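Please construct the entire structure, taking both the sequences and the accompanying hints into account.
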Amino acid sequence: MPPLLVINPHNGVPAYRQLMDQLKLQIATGVLPAGTELASTRALSAELTLNPMTISKAYNLLEREGVLERRRGQTLVVAERSSGDAESDRLAHLRDHLATAATMAAQLGITRPQALRIFRETLDATAAKSPPAP
Amino acid sequence: MNPSTAPTSTSPATPAPTVAFTADRITKIYGEHTALTSVTLNIPAGHVVGLLGRNGAGKSTLLQIAAGLTLPTSGTAHTLGRRTDLLDSPELTRLGFVMQEGKFIEWMTVAQHLAFTASFYPRWDHELQHRLTTQLEVPTTRKLADLSPGDRQKVGILLGVCHRPALLLLDEPMSALDPIVRRRLLDVLLERLRDDACTIVISSHLLNDVEKIVDWIIALDTGRVVENSSLDDLQESFAEWTVTAPEAAPLPAFTEPFILTQQRTDRLARLTVRTSEPDAAETFAVAHRVGVQTRRLSLDEMFPLLIAAKPAASALVP
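Note that the protein sequences, when read in sequence, are chains A and B.
The first sequence begins at 661 in our numbering and counts up one residue at a time.
The second sequence begins at 1224 in our numbering and counts up one residue at a time.
No lab work stands behind these hints: they were computed from the structure.
Note that the structure is a prediction, hence the values are computed from the model and not measured.
The reader is advised that the hints may include incorrect statements.
Claimed, not checked - In the SDA-like style, the derived pairs of lysine to any residue whose C-alpha atoms are separated by at most 25 Å in a straight line are:
| no. | chain 1 | residue 1 | chain 2 | residue 2 |
| --- | --- | --- | --- | --- |
| 1 | A | K684 | A | L754 |
| 2 | A | K684 | B | R1518 |
| 3 | A | K684 | B | S1521 |
| 4 | B | K1366 | B | A1399 |
| 5 | A | K684 | B | T1517 |
| 6 | B | K1326 | B | D1455 |
| 7 | A | K684 | A | L751 |
| 8 | A | K684 | B | R1519 |
| 9 | A | K684 | B | G1325 |
| 10 | B | K1326 | B | D1348 |
| 11 | A | K684 | A | T786 |
| 12 | B | K1326 | B | F1339 |
| 13 | B | K1366 | B | G1325 |
| 14 | A | K684 | B | Q1516 |
| 15 | A | K684 | A | A752 |
| 16 | B | K1366 | B | R1405 |
| 17 | B | K1366 | B | A1334 |
| 18 | B | K1326 | B | S1398 |
| 19 | B | K1326 | B | Q1287 |
| 20 | A | K684 | B | S1460 |
| 21 | A | K684 | B | S1499 |
| 22 | A | K684 | B | P1501 |
| 23 | A | K684 | B | D1455 |
| 24 | B | K1326 | B | L1294 |
| 25 | A | K789 | A | R777 |
| 26 | B | K1326 | B | E1314 |
| 27 | A | K684 | A | T763 |
| 28 | A | K684 | B | D1456 |
| 29 | A | K789 | A | G690 |
| 30 | A | K684 | A | V738 |
| 31 | A | K684 | B | E1459 |
| 32 | B | K1326 | B | T1316 |
| 33 | B | K1326 | B | A1341 |
| 34 | A | K684 | B | E1500 |
| 35 | B | K1366 | B | Q1335 |
| 36 | A | K684 | A | D749 |
Quick look at the structure:
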């Protein structure tokens, strides 16, 4: 069962897209390790009050992208990925978020060195708040 | 009673038509008033269609034609594969219609009315009826005449779904329901979808509610179809762009055909756009040397844009 999926039907992002993004993030962060079985289309549709076609659309696209795979008996599981792929997924997530920040920096007229300094400071502040990495 | 000689009509093996409803250039005229003008559309089976439009756009008329309650003045409509002027028990028993204001036999209690209606349907699901009565909190011992508008709507829903229709038409089914019951109704509809692959057409002003379950949008405006697309496609093509001038220079004029509305000052513009080009915002930003932030629109926000027949061409003054 993928935990903690929250679909906001009113933010204009298609529900299948939200579902794909959240599952990918959970896979990239290791919440859903390789081999984890996904909830059936039926079960997830009931849980999230979503059209079952929306769920199967998200599942099918993730399967086509190689993020999920079908095992014997049609069970859908998180696909095994090379550590290189997993790494590039994680980087891609961060890159997406930074793209928004970069646009904002340009609009605010913040210079490149200023923006880089702020990112460094933000990293430091976050590290200070969270427990030390193992 | 008929002995079960021919098990054909209610057999679940009856092949499901792939199109639940088709309209071919249907026009409906009531006296002086034209409710629908040459409407042509297909509703593929298994979809949940949101039928949107302002009051008087023709939503109820279209649903009534689909249910065979009235015939088009011209053009032809097919429901569950049968021309609507020839609908017969194989189709009618698989058709559910929840009317905006249900017409009931007022002296009956809810329980009596359910039993009465059930007697017409060989496939009436008593277990489902029992469950929905509890789920939607339907007062079964009270007379129809004494019910509140909300409770009447619930009875209408029960009468429309307990025979497990293949095509379920709902005309403003939620207007009198409170948010908790509305939410439960959506669960009920989704369950019909999962268990029976039922096709659902739902007209509603409560766009926030239907947005959760619809996957297809048909919008009517003054009797004409102005939109007929999947919700995913609509959500991925409509956006609001906030455009900023990066330097001291004022923003140039924007004349791209995909711009539907624009509000602007010298330094900032808010555009609504419709384009299925995924890189449109980046291309635009580079072409005009501006910053662009994009935001997706909810159905509520898209609605006025859908029914505005033409993009508001009036370039709003600086």
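Just to be careful, I want the Cα atoms of A:K684 and B:D1455 compared with a cutoff of 25 Å; is the pair within it? 19 Å, holds
Regarding the pair A:K684 and A:T786, is the alpha-carbon distance no greater than 25 Å? This hinted pair holds, its Cα atoms lying about 23 Å apart.
Quick one, are A:K684 and B:E1459 close enough, alpha carbons at most 25 Å? 19 Å, holds
Given the proposed pairing of A:K684 with B:T1517, does the C-alpha separation stay at or below 25 Å? 22 Å, holds
Given the hint that A:K684 pairs with B:G1325, does the C-alpha gap stay at or below 25 Å? 46 Å, violated
Within a Cα-Cα threshold of 25 Å, do A:K684 and A:T763 meet the stated pairing? 24 Å, holds
Holds or violated: A:K684 and B:D1456, Cα atoms, limit 25 Å. 22 Å, holds
Is the hinted pair A:K684 and B:Q1516 satisfied, with a Cα-Cα distance of at most 25 Å? 24 Å, holds
Is the straight-line distance between the alpha-carbon of B:K1366 and that of B:G1325 25 Å or less? 14 Å, holds
Straight-line Cα separation of B:K1326 and B:A1341 no greater than 25 Å? 16 Å, holds
Would you check the hint for B:K1326 and B:D1455, treating anything up to 25 Å between C-alpha atoms as holding? 36 Å, violated
Within a Cα-Cα threshold of 25 Å, do A:K684 and B:S1460 meet the stated pairing? 23 Å, holds
Against the hints set out earlier in the document, violations occur for numbers 6 and 9.
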